[in-house]
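Could you put the whole structure together from the sequences, leaning on the hints where they help?
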Amino acid sequence: MSDPHSPWKALPIAAVAALYISGMQRFIRENLVVFFGAGTGFAISESLGWREFVLAAAAALLVGLLVAMIYHRRFRYRLDEDSVRVRKGLLEQQELKVRLERIQNVGFSQPLYLKPVGLVRVTLETPGAAQSEVNLPGISLEEAKALRDRISSGTAPSGQHATETPVDPAGFAGSEPGPASRVRFEASASDLFRYGMTSNQVWILLALLGAPVSNWIESRMSHWIEQLRASGVLDLEVLQGAPLLVAVLVGLAIFAGALLIMTVSGLLAIVRFGGFKLLLEGDRFKSRFGMLDAREKTLRTEKIHSIEIGQTMVGRLLDQWHAVGHQTGGDQTGQEYREDRRFLVPGIDAARLSDVLDTLRNGSWTTPEWQGVDRRFRSMFWERTVVAGTLAALASWWLVPDQAPWLTSSFVVIVAVVVVAVHLVWRRWGYALDDKRIRVRYGMIGKTIVEFDMFRCQQVGIKTSPYQRRHGLASLTLTLPHGEQRIPYIERRTAEKIANLVLYRVETSLKHRL
Amino acid sequence: MDPNDETGFTNQVIDPHAIPDHAEVPFNPMASKFRRYVLQSTALQFLPLLGGAAVLWLLPVVQDGPALIAGGAGLLGLASLIAVYRWLDAGYRGWVLREHDLIARAGVIWRGITALPIARIQHVETTHGPLERFHGLARLKLYTAGGMTADLVLIGLPRTTADELREYLVEQIRKRDSEAAQSGHE
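One line per chain: the protein sequences are A and B, in this order. Heads up: the first sequence begins at 1 in this note's numbering, then just goes up one per residue. Heads up: the second sequence begins at 1001 in this note's numbering, then just goes up one per residue.
Among the hints, a few may not be true.
[Claimed, not checked] Below 27 Å or equal to it, Euclidean Cα-Cα: the simulated DSSO-like pairs (lysine-lysine) are:
hint, chain 1, residue 1, chain 2, residue 2
1, B, Lys1141, A, Lys463
2, B, Lys1141, A, Lys97
3, A, Lys436, A, Lys497
4, A, Lys97, A, Lys9
5, B, Lys1033, A, Lys97
6, B, Lys1033, B, Lys1141
7, B, Lys1175, B, Lys1141
What the hints contain is simulated information worked out from the structure, not anything from laboratory work.
And the structure:
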């Protein structure tokens, strides 16, 4: 079946730089915790100084360059009549063959460092796991264009591509959409800034950075306070006599810090998603975005198996949503891959949410009548929290009686916070179903709503704990290609009815293959 | 979300009582030797730890004999509890193959019933370790799209049953794929 005119091709020599930079980026990202640990070690250790740090960094960079050069030397790809084949690997050679008809999406990306050398990164996504995905880290524009045209003609159902305008990868960044493209959503810089401010990721990053950064902040703060005291602006004795003022000052400092972090996050979102456009071209959606790393993502409408909309805690204050179109495969693998695989539409304000959703789901989105989960979900967690708190307080009185009063107070506060949190989570859980679709809503202060066709489910599970069995309850788990959706603590008979209906829908669906 | 995906089923009124109830099917028990197998495999898992404790106790350099005995007894207790749990679980486990899906149940304290439609199975395999081979047992692993690990594993099947199930399911997948290819739904 192989085409004799399509021999194995090597990546252009300029791709070594691309491999090097992306490899180093990935290495740092995957070992972030180790780097922070090593950084803290360098900072604390007296025997290790800047010289050792620079030497270690130079050695790591050199090894990285060597790895990139070997990887480039061994990387080969070829496009056959019905498949794409890739050979790669450092020590162990791996050969990957993907049939063109299995490729569901072709992604282009042009990071800043690839622009001067005129290369693009091409990702061919398949319904399988990350290991079965073809990634060409840097090929010329002409090659990319030819590859894309071949794949489009190989994957397109007959006649469907007649109306589609092929997008020239050379001009995908910031180009005007073709005549057959319809822009369905555009996010302005202010939309993206608000999206970045409301993103949860910034808080995760803060938690990760927290330990090493807090030491630095503490030393800087001590230094500043000492300077202010020495200059006479700050009178520490006055502050010691006014604990409320200190509390207000600390609160203001925390608020200012949070605002600063949110601002940085907002700016990063503008850089990452700058000029975001959601386009509909024939049978597929496209998203184009990115100021430094110009990207284009494609999603075939028939490959969307569920749509998710989310609003974070801060997002509620700013009325800011985001939507995700989930497609088959990938989501069960690593976090980085999962993030990359999601078809994300950021920066949606409440006024345009229904338009974006109607576009993605090819139909109208009406607010369903939500069914909540049983109140025993809440009472069970409340009971357990109170019992655990009481036991902890009793243990503190027995083990450390001199510290027991403040420990007990802390437990009371923790129990109160958990009790409120459980109530909020219980109130948010909900599900709604019509003849064909299910929607699940969950969250605590923020919320996520997932909608999917029943026939897309891959597996149905009903789980019961002894407590649930006593009260005739069960938790329903519906497995979708991107992961599980759970509806906890509903009546067992209801769970069984939904499970039966979902199985019926899957098993009578004509679309058995994903 | 193509509305044409389910042509023929879109507007039908579904009588909820007419839909087959997966919870009311008679489950097949696992192989009769499965309970013996779980006891022996639990013992084998704990044997190195217990052996290590015994060797340490016999060595003249170890001074704290009673603590070691207590640790060994604790390990033995834990192993017994796990063995009892697995023995009960082996008795509760069951499976049933219906025309369109395969249903399995498991668990003693937290019980679960899982139904996997045959339409969603991408790949099937049977595996057996040395102890399973000794008892004539095998496990059937069923994979769906997108996942890296098996989505449903039936452990403790008689080996012949596992092989027959595998062959049957592979045949169903083959039929489904060829039908899909013919009808243009590939």
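Results for each hint:
no. : hint                     : in the structure
1   : B:Lys1141 with A:Lys463  : holds (20 Å)
2   : B:Lys1141 with A:Lys97   : holds (25 Å)
3   : A:Lys436 with A:Lys497   : holds (14 Å)
4   : A:Lys97 with A:Lys9      : holds (15 Å)
5   : B:Lys1033 with A:Lys97   : violated (43 Å)
6   : B:Lys1033 with B:Lys1141 : holds (20 Å)
7   : B:Lys1175 with B:Lys1141 : holds (20 Å)
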